Amino acid sequence: MTLTLNWLFWLLGIVLLIVGGMIMMDREHPRRFTAGGFWLLYALIFLVGDLLPAEIVGVLVLAMALIAGLGGVTAAKPKVLALETRIASAKRLGNKLFVPALTIPAITVALTLAASHLVIGGTPLVDPKNVTLIGFGVGCVVALGIACVITRDSVGQSMKETRRLVDALSWAAVLPQMLGMLGLVFSDAGVGKAVAHVTTSYINMDVRFVAVVVYCVGMALFTIIMGNGFAAFPVMTGGVGVPVLVGVFHVNPAMMAAIGMFSGYCGTLMTPMAANFNMVPAALLELPDKNAVIRVQVPTALGILACNIVLLNVLGF
Amino acid sequence: MQSTVNLWPLIGVAVIIAGFLLRFNPMLIVAAAAVVTGFAGGFPPGKILAAIGTGFIKTRNIPLIILLPLAVIGLLERHGLRERAQIWIGNIKAATAGRLLIVYLFVREITAAVGLTGLGGHPQMVRPLIAPMAEGATENRFGKLPDAIRYRLRAYSAATDNVGLFFGEDIFVAFGAIVLMVTLLKEAGVSVEPIHVAFWGIPTAICAFLIHGARLWLLDRKLERELGGARKVAGEANAAADRQTPQTRQARQGDDA
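Quick mapping for you: the protein sequence lines, in order, are chains A and B. FYI, in this note's numbering the residues of the first sequence are 137 to 453. FYI, in this note's numbering the residues of the second sequence are -7 to 249.
Just so you know, the hints here were simulated from the structure itself, not pulled from any lab data. Note that the structure is a prediction, hence the values are computed from the model and not measured. Just so it is clear, CB atoms sit at the ideal spot from N, CA and C, and this is done for glycine as well. Incorrect hints may appear among the rest.
If you anchor each label on the Cβ, the simulated ranges turn out as follows [what the hints assert, rightly or not]:
#: 1; chain 1: B; residue 1: I84; chain 2: A; residue 2: V291; range: 15 to 21 Å
#: 2; chain 1: B; residue 1: V99; chain 2: A; residue 2: Q293; range: 27 to 33 Å
#: 3; chain 1: B; residue 1: V(-3); chain 2: A; residue 2: D186; range: 57 to 63 Å
#: 4; chain 1: B; residue 1: K214; chain 2: A; residue 2: L261; range: 24 to 30 Å
#: 5; chain 1: B; residue 1: I84; chain 2: A; residue 2: N427; range: 29 to 35 Å
#: 6; chain 1: A; residue 1: G258; chain 2: B; residue 2: T175; range: 24 to 30 Å
#: 7; chain 1: A; residue 1: A199; chain 2: B; residue 2: A86; range: 36 to 42 Å
#: 8; chain 1: A; residue 1: R431; chain 2: B; residue 2: T175; range: 42 to 48 Å
The calculated lysine-lysine pairs, modelled on BS3-like cross-linking and capped at a C-alpha distance of 27 Å, are [stated by the list, open to error]:
#: 9; chain 1: A; residue 1: K426; chain 2: B; residue 2: K214
#: 10; chain 1: B; residue 1: K136; chain 2: B; residue 2: K39
#: 11; chain 1: A; residue 1: K213; chain 2: B; residue 2: K214
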């Protein structure tokens, strides 16, 4: 028996089912049917998504987008313990409170390192393709157990807390996956090819410095549009990197690749399309300005991008 | 070859840019962009729905990392995890938000560089520990914080996690991005060693640490300038009641916790 990602999908499906149900039943929730329905649809996609025809899943996804877009996924007023109670608890439990939080990374790392040795009768215990993610999931489950013991609280209460946080995150929790989906649709429809065509046909790259700038800035810009450096890399490297930088100017290809990808990451720091790094934290940290994280990152990103251009020019040839 | 490239799918990109500029709901923008791109690519409606459906199923691994830790983190928050983080940082007299985040940036980048990307993250590290510590360290120096400062510290905490992760992970040889780069270059007829790609990431990784670290150092200076006047008053008020600062500071924050 191998632990695969499907187990985590089912686990998350069950959690979302409970969260959706709780919201549906909550008479004080301002939008209990639309918000509850949104999370129940999402639960369905995790529980049986791969058994449904793809067209049906597509309809469910568009339905979720409509509910979210029309303001149907708002949060109820969170129920939290009084501040004095929390501080008293923080003092009583002391640094033990950190243990479950640190258990998640500890187990993730331990399983990542140990996975290749965890083989019973020829079948691996953990699906080798997704070791880190499965380790992370196992870490979360173990940490919940430890947290219940330390705080003498229940799994039921932890579901209420999940509901509070899911309510606060709202649709931002689903946005990264929507963007991942969009990336796949883009590549099906040939968006990357079109962008490469436009960049390479209209810019004169006979001067080495211009070619380096086009490659680095192009990686950043294309990542800003796609939200992901991995999507930009094949396009820019196929369009400019290999034919011009390697083919004409004989750059060190390993260095070009490394700096190109990092230039893409500069773009990731500057785009709302990289929702899981920029939009989700803004929601998690309850920032009123959804672009606050991006605003802080832009100067760092532009500085690093400039360094990349200089580095590739100086060291690459 | 030039005439065979279909430029119509670029409309999908235009929808995204226009949607974000006009501040539509991002979920709607993305859904609309997917549908428009499908049409522009010449797909019939059934195939568009199927492309959206398959795409969404294939990417189900993405939200795991956001949603799975919420049960543990929520439960710990109920029992005072964030308050504990603030008390803990309060015991370190030399702590400032900038110094704390520089240390976190260093640790995050180094651990990511040896493949331990799971050691940070927004739901499990930044929200419950790093952001409250940055706020707590600043409050210990300057007293009560205005909301604008509080939000800025949180945004810096999230940004620091991102910068450390991005520019660390790519110098780990077994990281997916490096495998991807090597594979793609090979397809294009250029062969490179993964270890060389990882090695040439190091100069940028150092630049990233220096640039973001300098900005965190400047953050401390800026906080000093903006809040320095308030420190004296707060310092006198809190001198006798050092232990009670967490209460007063928490009182205003209680509802959003």
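Outcome of the hint check:
no.: 1; hint: B:I84 - A:V291: 15 to 21 Å; in the structure: violated (34 Å)
no.: 2; hint: B:V99 - A:Q293: 27 to 33 Å; in the structure: holds (32 Å)
no.: 3; hint: B:V(-3) - A:D186: 57 to 63 Å; in the structure: violated (34 Å)
no.: 4; hint: B:K214 - A:L261: 24 to 30 Å; in the structure: violated (51 Å)
no.: 5; hint: B:I84 - A:N427: 29 to 35 Å; in the structure: holds (32 Å)
no.: 6; hint: A:G258 - B:T175: 24 to 30 Å; in the structure: holds (29 Å)
no.: 7; hint: A:A199 - B:A86: 36 to 42 Å; in the structure: violated (53 Å)
no.: 8; hint: A:R431 - B:T175: 42 to 48 Å; in the structure: violated (35 Å)
no.: 9; hint: A:K426 - B:K214; in the structure: holds (23 Å)
no.: 10; hint: B:K136 - B:K39; in the structure: violated (57 Å)
no.: 11; hint: A:K213 - B:K214; in the structure: violated (35 Å)
In this structure, the earlier hints numbered 1, 3, 4, 7, 8, 10 and 11 are contradicted, and the remaining ones agree with it.
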